[in-house]
Amino acid sequence: GQQVMQIPQYQHVQEGEDFTTYCNSSTTLSNIQWYKQRPGGHPVFLIQLVKSGEVKKQKRLTFQFGEAKKNSSLHITATQTTDVGTYFCAAANYGGSQGNLIFGKGTKLSVKP
Amino acid sequence: DGGITQSPKYLFRKEGQNVTLSCEQNLNHDAMYWYRQDPGQGLRLIYYSQIVNDFQKGDIAEGYSVSREKKESFPLTVTSAQKNPTAFYLCASSSGGTLLTYEQYFGPGTRLTVT
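Residue numbers (the numbering used here), protein chains in the order written: chain A, 1 to 113; chain B, 114 to 228.
Treat the hints as calculated values from the structure; they're not laboratory data. Don't take each hint at face value.
[Claimed, not checked] Simulated crosslink set (DSS-like; lysine-lysine; CA at most 27 Å straight-line):
no. : chain 1 : residue 1 : chain 2 : residue 2
1   : A       : Lys105    : B       : Lys122
2   : A       : Lys56     : A       : Lys36
3   : B       : Lys196    : A       : Lys105
Please read all numbers here as calculations on a predicted model, not as lab measurements.
Chain A extracted, bound-state conformation:
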């Protein structure tokens, strides 16, 4: 079945350093979503990318969707302790019923002050 691979699994950074997580698929994706889960919390939707080559920014966060729509990345500039958490990508699974998402395993970010 469709899978999305997310790397790295863990990332430890010093506050102020940049951070990037990558999401890859062997199949072309119709769209991709990104979620953030704080420690002890629940996933919260960040953004959805739909178009080939799309780039969206939210303050220090930059999201990209690859030209072939098979990969995506989330980049955080100058991390802060508030960025701590696990970041998940999720892709639509059209092998099943519409509206179903396939989640990557997530990248857990820790930030040392």
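Start from chain A and add chain B according to the hints.
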């Protein structure tokens, strides 16, 4: 959170007992989902429902059952047949759609411990 409530937050059960986790939403969403989260495993889909009185198995449905009698409610029963029920269970909903996948809103989760 954000219109989705799950109760209780923590649940303890003895092995061999069935247990039902509650999920209610007031977002008027058509679609609802149950996920299981284990450390390092991400989110795995148990069941989902796109409309009242209809639901579909996800990737790990064995040992679980659901019902969708009302639009607002999607309870999950963890049966004694589930081999490793201890986990963090997350309920989510979305407005659904025919062409695009809409964002999912998650509840605060229920942490189930079975001993």
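Hint check results:
Only pairs whose Cα atoms come within 27 Å are accepted, and lysine 105(A) paired with lysine 122(B) is accepted, the gap being roughly 23 Å. Taken as a hint, the lysine 56(A) and lysine 36(A) pair is honoured in the structure, with Cα atoms around 16 Å apart against an allowance of 27 Å. For a cut-off of 27 Å, the pair hint linking lysine 196(B) to lysine 105(A) stands: about 22 Å separates their Cα positions.
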